[in-house]
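I would like the entire structure built from these sequences, with the hints used as guidance.
The primary structure of each chain is shown beneath.
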Amino acid sequence: MKKLKATGLLLTVLFFFGCSKDFLDIKPQGQLTSDNFFLTSDQAVQATNAVYNVMRRWEVHVFSYIGMTDIRSDDADKGSTPTDASYQLDVDNFTDDAGNVDTQTTWGGYYKAIFRANIAIDNIAPINMDETLKKRLIAESKVLRAYFYFNMVRWYGDIPLILHPLKSTDYNQKRTPTAAVYTQIIQDLKDGIDALPEKSQYSSDDLGRVTKGTARGLLSKVYLTIYDYLNAEKYASDLIASKEYQLYPDYSRIFQVQGENCSESIFEVQVAANTVDGTSQYNQVQGVRGTPNIGWGFNRPSDDLIKEYERGDPRRSATILYEGDVLPDGSAIVEHNPEVVNARYNKKAYAPLVVPSDNGKGQSNIRLLRLSDVMLVYAEAANENGKTAVAVATVNQVRARARGANSNVLPDITASSKEDVRKAIWHERRVELGMEQQRWWDLIRQKRAAEVMQAVGKNFIKGKHELFPIPQTEIDISAGTLSQNPGY
Amino acid sequence: MKMNFTRRLKFLALLLFCLGGYGAVMAQITITGKATDAKTGEALINASIAVKGTPTGTVTDVDGTYTISAPENGTLVVAFLGYNTLEVAVNGRKTIDIALSASEESLKEVVVVGYGSQRKSDLTGAISTIKSDELAKTATGSVEQALEGKIAGVQVTPVSGEPGAGAVVHIRGVGTLNNASPLYVVDGMLLDDISYLNANDIDNLEVLKDASATAIYGSRGANGVMIVTTKKGKSGNTVISLNTYYGSQSLGKKIALVNGNQYAHLANQVAANEGIAPLFANPDSYGVGTDWQNAIFQTAPMKNVNLSARGGNDRMTFSVSGDYFDQTGIVKGSDYQRYSLRINNEYKLTDFIKLGHNIAFVYDQANVGANPISDALHADPTVSVQDSAGHYGNTGAISSVGNPVAEIFYHHDKKHAYRGEGNVYVDISFLKYLTFRSQVGLDYSNLSEKVFTPVFNVSPTQQNIVNNLTINTGDNLNRQWDNTLTFDKSWSNIHHLNVLAGITAQTYRTETFQGYRTNLPGESEDFWYLSSGQVVGQTNANNAGEWRIFSTLFRVNYTLMDRYLLTASYRRDGSTRFGKDKQYGDFPSIALGWRIKKEAFLKNVTWLDNLKLRVSYGAIGNDKTTKSGGGPDYYPGRPLIANNLIAVFGPGETLNNGATQTDLANPLIQWEESISKDIGFDAGFFNNRLTAEVDYYNRQTNKILINVPIPAYVGAENNPVVNAASVVNRGLDINLGWRDKITKNIGYSIGIVASTVHNEVLSLGQGNSQLFGGGLGFGGFLGTRTAIGTPIGAFYGLKTNGLFQTPEDIKNGPVVGDEKPGDLRYVDINHDGKITTDSDRIFLGSPIPNFIYGLNLGVNAYGFDISTYFNGVSGNKIWNSKKLARFGTPNFETSYLGSWTGPGTSTTTPRALNSGHNYLPSDYWIEDGSYTALRNLQIGYTLPPDILKQIHLTNLRIYVGATNLKTWAKYSGYTPEISSPVIQNLKGVGYNSGDLLSAGIDGGAYPVARTYTVGLNATF
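These protein sequence lines map, in sequence, to chains X and L.
Following the numbering used here, the numbering of the first sequence begins with 2 at its first residue and continues without gaps.
Following the numbering used here, the numbering of the second sequence begins with 929 at its first residue and continues without gaps.
Derived by calculation from the structure, the hints in this document are not laboratory data.
We put the CB at the ideal spot given by N, CA and C, even for glycine.
Worth double-checking, as some hints may not be accurate.
Stated by the list, open to error - Computed Cβ-Cβ distance ranges for the label pairs, DEER-style:
#1 X:Q447 x L:G1580: 39 to 45 Å
#2 L:L1536 x X:F24: 51 to 57 Å
#3 L:N1646 x X:F24: 27 to 33 Å
#4 X:A126 x L:I1770: 18 to 24 Å
#5 L:F1441 x X:T179: 34 to 40 Å
#6 L:N1447 x X:I334: 25 to 31 Å
#7 X:P339 x L:N1447: 18 to 24 Å
#8 X:V277 x L:G1826: 48 to 54 Å
#9 X:T179 x L:G1580: 40 to 46 Å
#10 X:E199 x L:P1382: 38 to 44 Å
#11 L:H1686 x X:T179: 44 to 50 Å
#12 L:P1382 x X:S332: 20 to 26 Å
#13 X:I334 x L:I1770: 56 to 62 Å
Stated by the list, open to error - In silico BS3-like cross-links for lysine-lysine, where the CA-CA straight-line distance does not exceed 25 Å:
#14 X:K28 x L:K1508
#15 X:K28 x L:K1510
#16 L:K1739 x X:K465
#17 L:K1739 x L:K1762
#18 L:K1631 x X:K168
#19 L:K1748 x X:K459
#20 L:K1739 x X:K463
#21 L:K1508 x X:K459
#22 X:K465 x L:K1631
#23 X:K465 x L:K1748
#24 X:K168 x L:K1508
#25 X:K463 x L:K1748
#26 X:K168 x L:K1510
Set out below in structure tokens:
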């Protein structure tokens, strides 16, 4: 009897477990996996949105981005208190090494962005969905990928060119030569031109997505950067001819809230004010430090930049915010802050304080590409292609807009030699795009970074400082596969 | 058979009848007498005397005497641990003296092993036992911390000195690159954390070290197993105990920092060296300035009260205890209280069915302090804590760190948690030799935390414009069901066979919630509810995780002629924590033992009491996969989609959802497997006055899961987990004990534990020769390199050789290129004429000590007892990164006062800078981690029996003690005990993040306090 009971009990136990074949089959809670994602049209849109998402990130368009563009250049000094974020001071003074935080942050941030673009491109293709939308979404990711690589190749030179998520067996990549990286960038942008709608063809809900114009504008800059002036002129000309973009009448307002996505906006990172998930710290890191307290005060416009402006150029006061100035929205006066030496701020990064909130929830879009930039690309390329008159006329359009109603300032340029016109265009680029993170790349492209930076007392070493160092951690991990840039 | 069963049922009915208090009344007489040891005549204290078949019972007092009332024709049952139980018929006698003889069988110590128990003499595994009173000696709320230095092969490092903090425990080295903490088994429940236990409730704790002991725990045994058995009642008189102490804690050691004037001078020196304007116009005007360490540290109380009642009769035993522990932190603003209740009862339903339960309920609460230690070490000493108007001083202007006192003041973080852990079991002995046991266990905890930040404005960088509240809650449920069948039989004292077979299943589920709102209408705690904040800008999060494991297990213990021993075990685990095709794993072990002393040729060796040789071999697993950044990874191997990757579009700045795969997954992921070998012996000499346990072990872990730090250009947010590495730990565990009496009233004991650990990485997977880790803060350098042939997390950097004194020196090189006079001179390891961090860094030492030891001394004489123990480690290094991380111009340790200021001014301390050349990873920042600590000293006095009798107490001991009294160390930080960085989980318990690649890097640890205690142990 007892034996029977024992057997019965054990059988019950075994039965219980025997029935629970599914015991070990649990589903992730509250989580999608790639097995049940990338299946619908909605998910294709979300995967593409995830690429745009990285554009607001700290690693992509905030602190190190400012450091490796404006602060590195002669447009700006580090700013803030003398000792805050000494690694930015190293970047400013060319004493940075492969362990510098900026180079590490940017390198990792941009490759994460590229990863998301690659995932979207590879995974959207097989989805059964509306073909037009599918093509557009893939093209959006390609244009974004091209933009990321364009910045990276300008910062680092030869870099690993990764176009698909890597398998674990392929982690050790070599650096791809700059020329091949540019070939891919050009291909992606051309695919974008083919597949993307014009700005006006998008529904207004999609405002902020990359357009055919974005691809054309970027492509003209890419060609200018590799000194292919014919193509640079062609694509800039295509963009201008599309009549999708017009110079915004009031230069200073381009950078205010009302100038977001204005008529000359070709590419800008969309930021939503006072939200949790839609903000960026781009404004905060450059904002006034002290009173009013709207930021950390980095990226101080340099004396040299101020000197560059012609007498009475209204763009100067649209670019630089001094102590004692009234904020653009009239809400406060910038007070003296003894902690910041000779305080001066980037007015183009000014955004009204968002209340109630903290100033990390900055609301202003990050302007990446404007019509006047492409017009100056067009002028520069045309000039190099021997069309000096066309170049002069285009520059003068830009100056006319800057001048506004005040006919006493910024006279039309009258240069006629190719060299003089080139100089005029370079000057115009600096003042038109001051503190918009373009100057450093312009100096490198113009092959005069050493001369210009040394002239302002920086220890720029020719053959070294044209590029940033590959992060030390990357070189450590690659165990010899990845080489360092010269001089570092 | 059937008859027998029916009889048993009848007996049960009778028993219930008796328990109900309807026992027949007979003529009662009062009996007195004395219980003694039959051999020595010594009085037996606390022996239980019961009247057979009734609930009546008592225990003998301090001189062995008793008084009991019993029927004239009744029978007394006299029992005492370690003696044969005796039944004595009353036969109308009023005085009955009882002499008990020591039992051969019960003298043999029984050791709890996985899913059962074994006679110690039959053990083939390496198992160490520690008793309750040893644990209770250290003044700490953490059982793990109390283990420090007490068990051979076990290294315990306190997580921190924060109230309620636990410890990182490593058994026999570090066998993984992941979570190396052991498995805890509390009364059969398999748990990851025992922070809810108090030392007074623990009867004993067994540490299972080799495969013979741990393989029965399969995929969870590889880091070793700690079996905790809580105190149970014993039949006999009820014993009521009170244990209490009060302690005063203080900082054991301050770090020498420069004062106000010195700081101003050094800051100007740095500014000059970095080419910026002087920061202080008049550096001599600041005097000594503020001592920020004094401003944040305090002397803090600590108290513990434990009250328990234990007892029972031959049908049931009970144990009820309550414990209160209260600790205030030595850093202002932190405290912790824990209230625990425990009820462990066992009922004999019939003489072959036992039902029992072990149930604990714990409530704990804490004010979690800010963590101002790093800032107190770095804050500008020229700034005062507060100005005359009460505004906090702005320390951020130059040092770029917040005001530490303001940090404490504005920090509000309150936590509390409920935890119920318990199990109910039934033991059915079908036959004398066959027992079925089924145990169901539950461990439920509910945790909640409120973090409130008020509006404040200390400085532009230390301010908060809008008040806000974050609420975290968590729910954890751990369920377990074990079913085992044990066969145990001897044949004519030649063969003894014990066979265990079982099935167990465990599920674990956790769910967390987080909410955040701003603009609460008031700052007091009355408003700390989400709904009182504003809706705009609120956030919330809610997540869950789950894992399950299902196992079958089997073990045979065979003893031949009481001298040849064999243990073989096997477990098969199926777990959801691994890829679909890798869900099952097999874990076998085999061990042999030989009790040589039992052989005829040693029979006449009188000085040798025991000699046993043991050897074991087995495979065990570790399933504790960890996500990068800490916390368990519930779904490794699955490519998860990250959601809420918001993109903004449209004129109205609409938030559009984004989602995508942001990480790479490895579907082939499986457990780590350790192959563990052990050979050892146990010996006893000179009447067992000298005992020795010595083991040599070799544990090789293969298929170690590593978050391989893949190149950032791969683009994954986190590094993927791969089964790639192998590590070996080998060494010697030695445990020596000497115990003797000089006279009848004076006794002493000496215990020594010592272990060597050789930790070496054998492989890091194909094509992977090194693994970098150990972030050093700003500067981006990694401080450790784990490579084939090095220990895990070995320090890696440049080697220094003095300072450059002159520009000529620099010209002679070799150099990095940015040197100025006064900078560190690095050694050109590869002789290529230049210094690069690529090729000139070398192995600079290991964070893992190669020798750990403990020494226990005890003396008792005439009622006084003195016990003390020391512990220490040697052979390890510490990376002093709190000195290295500099963002602005933070305060300086006094070593900077000797900074180079011109040729010949220093040959060791470089010119003062905040970053750059001298901050490259180098041996300049590495210090010796060896230490010896006087961990505990306690002096007690036990009142003599005659006085006790007058005050009606069985036992009363008062004591004074000190914990962490003195540490002898070369290290310049607060403490040389630097555990690997620990991620705090919601429980407020340090979850070992598994970042063993960052072990031994001191970023400003919360030091464990020095504590003086007075206490009392009383038994009624």
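Structure-based check of all given hints:
Look at Q447 (chain X) against G1580 (chain L): about 41 Å separates their beta carbons, and that is inside 39 to 45 Å. For L1536 (chain L) and F24 (chain X), the Cβ-Cβ distance of about 52 Å falls inside the hinted range of 51 to 57 Å, so the restraint holds. For the pair N1646 (chain L) and F24 (chain X), the beta carbons lie near 29 Å from each other, so the given range of 27 to 33 Å is met. Between A126 (chain X) and I1770 (chain L) the CB atoms are about 49 Å apart, so this pair departs from the stated range of 18 to 24 Å.
Between F1441 (chain L) and T179 (chain X) the Cβ separation comes to about 50 Å, which falls outside the hinted range of 34 to 40 Å. Hint check: N1447 (chain L) to I334 (chain X), Cβ distance near 27 Å, so the stated range 25 to 31 Å holds. Under the hint 18 to 24 Å, the C-beta atoms of P339 (chain X) and N1447 (chain L), about 32 Å apart, miss the expected range. At roughly 50 Å, the beta carbons of V277 (chain X) and G1826 (chain L) sit within the given window of 48 to 54 Å.
For the pair T179 (chain X) and G1580 (chain L), the supplied restraint of 40 to 46 Å holds, since their beta-carbon distance comes to about 41 Å. For E199 (chain X) paired with P1382 (chain L), a C-beta distance near 52 Å fails the hint of 38 to 44 Å. Taking 44 to 50 Å as the suggested C-beta distance range, the pair H1686 (chain L) and T179 (chain X) conforms, at roughly 49 Å. For the pair P1382 (chain L) and S332 (chain X), the supplied restraint of 20 to 26 Å holds, since their beta-carbon distance comes to about 25 Å.
Taken as a hint, the range 56 to 62 Å holds for the pair I334 (chain X) and I1770 (chain L), whose Cβ atoms sit roughly 57 Å apart. Our distance criterion of 25 Å between C-alpha atoms is met by K28 (chain X) and K1508 (chain L), whose separation comes to about 12 Å. For a cut-off of 25 Å, the pair hint linking K28 (chain X) to K1510 (chain L) stands: about 16 Å separates their Cα positions. Between the alpha carbons of K1739 (chain L) and K465 (chain X) the distance comes to roughly 21 Å, so the proposed pair stays at or under 25 Å and holds.
Among the hinted pairs, K1739 (chain L) with K1762 (chain L) is consistent with the structure: their alpha-carbon atoms are about 11 Å apart, no more than 25 Å. Distance hint between K1631 (chain L) and K168 (chain X) is fulfilled; the C-alpha atoms sit about 20 Å from each other, no more than 25 Å. At most 25 Å may separate the alpha-carbon atoms for a hinted pair to count; K1748 (chain L) and K459 (chain X) meet this at roughly 18 Å. Proposed proximity of K1739 (chain L) and K463 (chain X) is supported: the alpha carbons are some 21 Å apart, at most 25 Å.
A C-alpha spacing of about 59 Å is found between K1508 (chain L) and K459 (chain X), which places the hinted pair above 25 Å, so the restraint is violated. With a CA separation close to 43 Å, the supplied pair K465 (chain X) and K1631 (chain L) exceeds the 25 Å bound. At roughly 20 Å between alpha-carbon atoms, K465 (chain X) and K1748 (chain L) fall within 25 Å of each other, so this suggested pair holds. Among the hinted pairs, K168 (chain X) with K1508 (chain L) is consistent with the structure: their alpha-carbon atoms are about 20 Å apart, no more than 25 Å.
This hinted pair checks out: K463 (chain X) and K1748 (chain L) have alpha carbons roughly 21 Å apart, not beyond 25 Å. A threshold of 25 Å between alpha carbons decides the hint, and for K168 (chain X) with K1510 (chain L) the separation of about 20 Å falls inside it, so the pair holds.
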